[in-house]
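Asks: Chain residues, written in single-letter form:
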Amino acid sequence: MLTPSEDTNRRMLRARDAMDRRFAEPLDVPALAGIAHLSVSQFARVFKETFGETPHRYLQRRRVERAMTLLRQTDRPVTEVAWDVGFASLGTFSRTFSTIVGCSPSEFRATHEPVHVPSCFIAAWTRPREGTVVSEKRDLPGGP
Amino acid sequence: MTNHIKTLRITTLHVLDQEEALSFYCGVLGFEVKDDVDMGFMRWLTIALPTDPEHLVLLSVPGAPMHDQETAAQVRDLLTKGALGGIFLTSDDIHATYDAVVAAGAEITQEVVEQPYGTDFGARDPFGNSVRVSQPAEVSSEEIQRQYDAARA
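Line by line, the protein sequences are chains F and S. Every position in the first sequence, counted from 1, becomes a number in this note's numbering once 53 is added. Under this note's numbering, the second sequence has 40 at position 55, and the numbering climbs by one with no breaks.
Treat the hints with care, as some may be off.
Dumping the calculated DMTMM-like pairs for lysine to aspartate or glutamate here, alpha-carbon to alpha-carbon at most 25 Å [said to hold, decoys possible]:
#1 F:101 / S:55
#2 F:101 / S:62
#3 S:19 / S:39
Far from chain F, some chain S residues (derived; all Cβ distances over 12 Å) [stated by the list, open to error]:
#4 42
#5 43
#6 50
#7 53
#8 56
#9 77
#10 89
The hints are simulated quantities; they were obtained by calculation from the structure and are not laboratory data. Idealized CB from N, CA, C, for every residue including glycine.
Chain F extracted, bound-state conformation:
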């Protein structure tokens, strides 16, 4: 029923869904590769061919997207947000967040109000795009 490439798509989607489901846990590449029925060495390459970015990069964006939501929607301290979304160190979290979003977690929180739309939409649409830094500076009070 499925062509080989569609079967690959489906298996890679299963692995990506597992990342979406378990993003806060340490990334176990052999387990993800197992879900996709691929060797560890093939997994990252085929994932990138399918979705346009490496599994590691996808997971980073997934975690940063969740962090953006927690910063926006809750008053949890930044350190706890970092932990909640799967970063083991605050330094790595802040560096990764700033690289992807273009401002620090605290700066992001200060300039973004909570919104009420279903969380899966926020998750899908605020996930920063591959290879771009999202400019949030224009939202700062008083402009850049």
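Given chain F, work out where chain S should sit, using these hints.
Replies: Just chain S, lined up with the frame of chain F:
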């Protein structure tokens, strides 16, 4: 309103196999077949929830004569990558629904989570379509926004 449109009647969902789609949407989620007509060039297959019989879902297989071969392949590619959207459903017992979906072996994309607007989870149909199920909280949008504002105060 001056255009007189009244209801959302049919939503199309691309599936790769109509029998497998029926197993999932009817066997697992509780839809029922409304129309099943072999028109020769295509099988017109619609389903609906018994509690929402006026809203039909057309289970459509990409391919000829609707699509040329290359277009059908592109649709199938996007579908199996999970890029074609999906459906949102509501339940009046989200935990029972979740248990049934899990027991049927469906793939879960998000475990049951309490949200300000209700409780929800995510799953995939056998082909890659997203299926979200929510039990809406009995609060207004204004109340949800007030809760967010209070949490941030």
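Asks: For which of the previously enumerated hints does the structure constitute a violation, in increasing order of number?
Replies: none
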